[in-house]
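Work out the full structure, taking the sequences as your base and the hints as a guide.
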Amino acid sequence: MKNFTILFSFMFIILNSCQNNPNAVGMSSWEGVEDMKWHIGTQEAVDVAKTMDAAWKSRNYDEMRKYISDTAVITSSGGNTFESPDAFIDRWKYNDSVWDANNSSFTWEFTNLFSIDLDPKTGGEHVHADYLGTWTRDNEKDTFRVMNRYYIIDGKIVVWNSYSQEIIDETTE
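Residues 1108 to 1280 (our numbering) make up the sequence shown, in order.
I should point out that these hints are in silico values taken from the structure, not numbers from a laboratory.
Warning: the hint list may mix true and false statements.
[As the list claims (entries may be wrong)] Below, simulated DSSO-like cross-link-like pairs (lysine-lysine); rule was C-alpha separation at most 27 Å, straight line:
#1 Lys1228 with Lys1173
#2 Lys1263 with Lys1200
#3 Lys1200 with Lys1164
#4 Lys1263 with Lys1144
#5 Lys1157 with Lys1144
#6 Lys1248 with Lys1164
#7 Lys1200 with Lys1173
#8 Lys1144 with Lys1228
#9 Lys1263 with Lys1157
#10 Lys1228 with Lys1157
#11 Lys1200 with Lys1248
#12 Lys1263 with Lys1173
#13 Lys1157 with Lys1248
#14 Lys1164 with Lys1263
#15 Lys1157 with Lys1173
#16 Lys1263 with Lys1228
#17 Lys1157 with Lys1200
[As the list claims (entries may be wrong)] Label-pair distances were calculated between CB atoms; the ranges are:
#18 Thr1229 with Tyr1201: 33 to 39 Å
#19 Ser1136 with Thr1218: 25 to 31 Å
#20 Met1143 with Thr1243: 39 to 45 Å
Cβ atoms here follow ideal geometry from the backbone N, Cα and C, with glycine treated the same way.
Have a look at this one:
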């Protein structure tokens, strides 16, 4: 029994001493956090973005709304700012009706989705969602890249910024 206790204690010490703290890298110039480094976020924050996106794609705006804070500020890639999720959703409902009437579509697929966190002890994560988007009308396609940045606290998006970049089709001469 004594040998078992010694062996168990030895293994406990070895295993605990081998645990590494999570990597922290990078920098931020945001006021008050200049000395902090970025950490890997959680799957839970990534899942919020994935679930919200699935609802958005299926035009289930009531479900989508569950993942956006009442006080969220959303800025589109065109520079439009929506001061509430309802204003954003109303705009998308309008867009959907116009696209449907014109027999056009806007589709997108994730290319990357990850979460990072400045201070894992305080909550709130920065989720980055990269997409490949396609606008289709009259059999013509326009492709572009989109990056959405969500700041998620307690399972809700509180800040949402979107950026886009056209993909220039290569032509041969």
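Now the hints, each set against the structure:
no. : hint                             : result
1   : Lys1228 with Lys1173             : 25 Å, holds
2   : Lys1263 with Lys1200             : 21 Å, holds
3   : Lys1200 with Lys1164             : 12 Å, holds
4   : Lys1263 with Lys1144             : 23 Å, holds
5   : Lys1157 with Lys1144             : 25 Å, holds
6   : Lys1248 with Lys1164             : 18 Å, holds
7   : Lys1200 with Lys1173             : 16 Å, holds
8   : Lys1144 with Lys1228             : 13 Å, holds
9   : Lys1263 with Lys1157             : 12 Å, holds
10  : Lys1228 with Lys1157             : 23 Å, holds
11  : Lys1200 with Lys1248             : 22 Å, holds
12  : Lys1263 with Lys1173             : 8 Å, holds
13  : Lys1157 with Lys1248             : 25 Å, holds
14  : Lys1164 with Lys1263             : 18 Å, holds
15  : Lys1157 with Lys1173             : 13 Å, holds
16  : Lys1263 with Lys1228             : 18 Å, holds
17  : Lys1157 with Lys1200             : 20 Å, holds
18  : Thr1229 with Tyr1201: 33 to 39 Å : 38 Å, holds
19  : Ser1136 with Thr1218: 25 to 31 Å : 27 Å, holds
20  : Met1143 with Thr1243: 39 to 45 Å : 43 Å, holds
Every hint from the earlier list agrees with this structure, and none is contradicted.
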